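A.B. asks: Mapping of the sequence shown onto our numbering: position 4 corresponds to residue 325, and the numbering continues sequentially without gaps.
It should be emphasised that the hints constitute simulated quantities derived from the structure, not laboratory data.
It should be emphasised that the depicted structure is a prediction, and the values quoted were computed from it without experimental measurement.
Ideal Cβ placement from N, Cα and C applies to all residues, glycine included.
Hints should not be assumed to be uniformly reliable.
[To be verified] Distance windows between CB atoms, simulated:
| # | residue 1 | residue 2 | range |
| --- | --- | --- | --- |
| 1 | 384 | 414 | 28 to 34 Å |
| 2 | 387 | 350 | 28 to 34 Å |
| 3 | 400 | 367 | 18 to 24 Å |
[What the hints assert, rightly or not] No farther apart than 30 Å at their CA atoms in a straight line, the calculated lysine-lysine pairs in the DSBU-like style are these:
| # | residue 1 | residue 2 |
| --- | --- | --- |
| 4 | 357 | 394 |
| 5 | 389 | 357 |
| 6 | 414 | 379 |
| 7 | 357 | 379 |
| 8 | 389 | 379 |
| 9 | 414 | 394 |
| 10 | 414 | 389 |
| 11 | 379 | 394 |
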Amino acid sequence: MPRIAAFVLAAALALAATAPAAAPAADLARGEALAKGCQCHATEFHGADPARIVTALKAFRDGTRFNKAMQNKTRTMTDEDMQAVADWFAAQK
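I would like the entire structure built from these sequences, with the hints used as guidance.
C.D. replies: Structure representation (structure tokens):
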């Protein structure tokens with residue numbers, strides 16, 4: 322697993338202190354559709370804290386974290402897109 326992905330996973334799991342709140346079904350469906358392009362992380366983020374996933378995605382989009390594939394993926398994502406993806410991953414147990 323690439324070092325960045327391992328770091329993101331470790332940070333997300335280590336900092337997840339509470340169970341995520343349930344997202345509306347429509348947002349979860351949208352998140353699932355957006356997450357289809359995230360096959361590199363097919364199961365590693367299942368059940369993770371959505372706030373940590375959103376933070377990582379924003380960092381890639383803003384360029385404060387570097388990974389060409391992730392920067393390309395997040396470049397056109399809105400904050401709402403990122404939240405929907407994070408909520409979908411969090412809902413997967």
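A.B. asks: Please go over all the hints and tell whether each is borne out by the structure.
C.D. replies: We went through each hint and held it up to the structure:
A hinted range of 28 to 34 Å for the beta carbons of residue 384 and residue 414 is consistent with their spacing of about 33 Å. For residue 387 paired with residue 350, a C-beta distance near 31 Å keeps the hint of 28 to 34 Å intact. Look at residue 400 against residue 367: about 22 Å separates their beta carbons, and that is inside 18 to 24 Å. A C-alpha spacing of about 12 Å is found between residue 357 and residue 394, which places the hinted pair at or below 30 Å, so the restraint holds.
Proximity of residue 389 to residue 357 is assessed by CA-CA distance (about 18 Å); at most 30 Å being required, the pair is judged to hold. Between residue 414 and residue 379 the alpha-carbon distance is near 24 Å, which keeps this suggested pair within the 30 Å criterion. With a C-alpha separation of about 18 Å, the suggested pair residue 357 and residue 379 falls inside the 30 Å cut-off, and the hint holds. Taking the CA atoms of residue 389 and residue 379, the gap is about 14 Å. The hint holds against a cut of 30 Å.
Between residue 414 and residue 394 the alpha-carbon distance is near 24 Å, which keeps this suggested pair within the 30 Å criterion. Pair hint residue 414 plus residue 389 holds up; C-alpha atoms about 29 Å apart against a cutoff of 30 Å. Restraint check: the Cα-Cα separation between residue 379 and residue 394 comes to about 11 Å, which is no more than 30 Å; the hinted pair holds.
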